[in-house]
Amino acid sequence: MNPARVDLRKAWIAVLGLVVVLLLAAVPYALPGYTVVLVYTILMYIILTVSWVIFSAPTGYISLAPAAFFGVGVYASAVLGMKLPLPVVICLGGLASFCLALLVGALTLRLTGIYFSIFTFGLVELIKHSVLWYELKFTGTRGRFLIPVGNNTIYYVMLAILVTLLVTAYLIRRSRYGLALQSIGEDEEAAAHTGVNVTLLKVITFAVSAVFMGAAGAIWAIRLTYIDPYIAFDPLNSFTPVLMAIFGGTGQLCGPILGATVFSYVREILITKFPYYYMLLMGIMLLAVILYLPNGLVGLIQQWQKRASEGQHVDT
Amino acid sequence: MVTILNILIAGLLLGGLYALIAVGLSLQYGVARVLNISHGEFIMLGALIAWTSYTVFGLNPLASIAIIGPLTFILGFIIHRTLFKRLLTTSGSPGVFESNSMLASFAIYFIIQNIASIIWGTETRGYSYLRVPLKVTGAVLGANRLVTLGFALAIGLTFYLFVTSTRTGKAIRAAAQDPATAGLMGVNIDRVLALCFGLGAAMAGIAGMLISMCYPVRTVMGLEYTIIAIIVVVLGGLGSIPGSFIGGFILGIIGSVVTHIDPGLSLVAYYLIFVLLLLVRPTGIMGR
Chain A
0 MNPARVDLRK AWIAVLGLVV VLLLAAVPYA LPGYTVVLVY TILMYIILTV SWVIFSAPTG
60 YISLAPAAFF GVGVYASAVL GMKLPLPVVI CLGGLASFCL ALLVGALTLR LTGIYFSIFT
120 FGLVELIKHS VLWYELKFTG TRGRFLIPVG NNTIYYVMLA ILVTLLVTAY LIRRSRYGLA
180 LQSIGEDEEA AAHTGVNVTL LKVITFAVSA VFMGAAGAIW AIRLTYIDPY IAFDPLNSFT
240 PVLMAIFGGT GQLCGPILGA TVFSYVREIL ITKFPYYYML LMGIMLLAVI LYLPNGLVGL
300 IQQWQKRASE GQHVDT
Chain B
0 MVTILNILIA GLLLGGLYAL IAVGLSLQYG VARVLNISHG EFIMLGALIA WTSYTVFGLN
60 PLASIAIIGP LTFILGFIIH RTLFKRLLTT SGSPGVFESN SMLASFAIYF IIQNIASIIW
120 GTETRGYSYL RVPLKVTGAV LGANRLVTLG FALAIGLTFY LFVTSTRTGK AIRAAAQDPA
180 TAGLMGVNID RVLALCFGLG AAMAGIAGML ISMCYPVRTV MGLEYTIIAI IVVVLGGLGS
240 IPGSFIGGFI LGIIGSVVTH IDPGLSLVAY YLIFVLLLLV RPTGIMGR
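Taken in sequence, the protein lines are chains A and B. For the first sequence, numbering that gives the first Met the number 0 begins at 0 and goes up steadily by one. For the second sequence, numbering that gives the first Met the number 0 begins at 0 and goes up steadily by one.
Quick caveat, the hints were computed from the structure, so don't treat them as lab data. Bear in mind that the values here come from a model prediction, so they are computed numbers and not experimental data. Accuracy of the hints is not assured; some may be wrong.
Just a sample of chain B residues kept apart from chain A, beta carbon distances all over 12 Å, derived [to be verified]:
(1) G57
(2) S265
(3) M285
Some, not all, of what chain B presents toward chain A, calculated at C-beta under 8 Å [unchecked claim]:
(4) R85
(5) T89
(6) E97
(7) I110
(8) P281
Just so you know, even glycine gets a beta-carbon here, dropped at the ideal spot from N, CA and C.
Pulled out of the complex, with its shape left as it was, chain B reads as follows (with noise of 0.2 Å):
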């Protein structure tokens, strides 16, 4: 019994981590219509800054998210503003730009991977900041895991409240159902994408900087959680935040199910649902 609690627990735990990766993704994706390979390298900025900050000048990474977020959100509105923004003008239909898009975003990709394998390494990297054991109802669990899924799910929650009271979060909407005609009502469609773009990518650092905190770090880890991020948005449907979070917590039980079974084959079910997916029910949970 405490073995299924702790499982599933642990599942809820890697859940709550890529819920918040997908969130981003599925922001960039849903509302800027580009599937942003490069996801996974502000992830791992995110985490390799985090870590930085905490070896070499001591400074607790829960606070820097104060470096981390703006940083990261700056860097990917500056990218949407001059890359993406000229894509968009460039290539003459929808299905191009998205394939264009995508390319580019391969090209980030490599280009950020790069620079951070000059600065930071290869070698992988870890440090311990509040491992304490926890014993929650007989399962026994890391505080920083608690402390990840807290931020997961505060930060979900307040992007929730932003996209839907503000006026802002009205125009993210408009310019994710109908770019054209959000424009035509007024809406500044190239701030409302960058905007977008920025905060996905601020999202990604912030998970990164929590990723730091529970596994090992290093400058090749972003490709696994893009891929883990793209898989959790089409499980939850492309654009939709509680989709994101209801896959995302499916994917990390699932995970921490088959890990307890054999760990060399939790990437394989991942795959393996990801493919079967696409094939059933391409649109995901809560796709319309």
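With the rest of the complex left out, here is chain A (with noise of 0.2 Å):
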């Protein structure tokens, strides 16, 4: 390949996701209500999904705190929502993600393998815990009530977190620390020989992905109106964003992307349809992922590329 057809490939992936990005913008204005509170729900599982892809793909730490930081952000958001502007409640729910993640970073990711996996779920837990504990003991009631705002405002900052997380995820992913972080996931031992200081460079990436889960946390609070520990911390908010991943895909950015927007609202459809059956379906659908997508959505389209063109090779 020479280097004026990548960089023209470049160019196209940069207008491709500007339109995209305007056509996004445009839909509160095309649409009616209902599209934009179903676009604005897959945008805050593909912030999630993609968050957790930054750490846990190159790495191969299977993170079940997602939860945590998506609990913190509403947390933050329910607690200063009603004292500060929602630009900067936004941010303060991404920084509180931040701090925790540095502080749950720095004293596990010595964890290897399944521990840590272990370690992140039960970290939900104790949040959860502790929160309903505080709640009941000192305010004496659970959950917390927020002010609404407008759908239009929620899309749109969501529309920017996604915009702004995808950047740096790219950042990331074209840059060494990238290429450092895919050697850790590789041999973590050789890493730290070849001089990449593997537990800063895990710790930081760990934390720069828990902000965007923070601040979806914390406007997804507003979207909600009331929240309470269990609503904050639900330990599905931890699987959902793997299983996205896993579904779309973890080897290129596109495939968490694609995974997390097909699963979603698939899964608006199964709440909607059959509210009954919806676990038993989410299951399913699962374990069918896990044992004949083990590459996802992205594996399976790329499989249909290349016996495509293996075809066109044959007729000519």
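Two chains, each in its own frame: build the complex with the hints.
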């Protein structure tokens, strides 16, 4: 491949990205309110999935902490929402998650493999039950109310977070830090020996990925208008991003985006059409993905492309 | 003095149940390498089947072991034979298998819980069996609790003897240490792993029956017990049966002490211990 062609491809991706963002920005003007809510729900899941992928896909550490970071954002927004303007609240939600992730990362990234997963899962429950205990003991009530804002505002905040996230994810992937992360996933000891500051890199990336989950939680809280620890720290928020990422395929950035889009759309339909069988259907889908789509949707598409191009070669 | 004794005895009784749950999970993770998140769902199945057979058919809960044990065993065996065996062959490395199988067990958790809530609904249920107070050296405790502790200890001991002194037990230990080499030595690995998974599920089912004698049961009770089992297994050391019992009793006593101080804090205390333990000694008390 010659350099000019690579540049052309890059330019195409940039133009395509810009067009998609502009189209998304026009959604609230062109489409009815229900669709706006549906689209920003999908955007929220893309945010959670892509930020999970930033850390967990290259390093191979399966984090089950997204619910914790999301929940911290939700609570930050519920506590501060009445006192501060919206953009500040969103940033503080992200910052709170960043700090938590720094602390957790520094303490736990020495744990390997399954222990890290168990720990992050336990963390969600620890925070949930601590907040629950605190609320019942000191405030005497469970849960909080938030002042609602318009759907369009929520939509644009979500879109802004997503665009920032995608740019960040792209830059990390293309930089030497991305390569270093990849090397940690392949062989952590070898990476350390070649001069990568393994611990620092893992902790910082973990914390950066948490920022976006926290920010998404902060705006999502306003959409919910009522929150309590069970809603804010729902462990499903940890599993859904993992599921969506695997469903889409974690090899490239477009995999998780595609996975989250398709999956959250199907999820919305299942919840509204089959509320009683929703978990059953989710379970069956999850099994099917793990068993038959190890490389996700993107892997499947690449397989088709490969087969199609091989077919062409046979013809000519 | 009597209060302290009461707290300790309550902790021991609770610990016996925790230990039984944990032995099953330890077997599934220690040998079959599946961190089974759906473990608690087998407990829930055992509990609700016991409830149904007692309230609808008037069957003695202890006798319903004859139904629950084989049923959960077969279910676990089939799940391993179909799902995890396939995953084992498609996953490239043990690490990939561990994360894939954990995610797959989440799927099983969703499926079993949804089917159970279609059958039994989501109400909280309970029944009264052997709820007679007994006086033991000044402390008062329910006969049902004492029976559960006896059963938990008996099952744990039987299983320990099975693993340490039979030929199949030897095969299980070999498979836990090194599956590939054990296979070369003529151990039918697929069968041993499925057997372990099934036995783990059966222990969960029986533990569920014992739980239903002491506590209210409902279809969403599973995950809570799964997490307790994970904590106990990590506390005692993965794959160690005596470790699971020690861990179970320690957690039971801590739980009963904290509940005495502030009932709202018991789950917080469990997770705090768990999180601290993972940081200080992830291999657990009896860990290798």
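Quick one: which hint numbers does this structure break? Sort them smallest to largest. Hint check: 2 fails alone, others pass.
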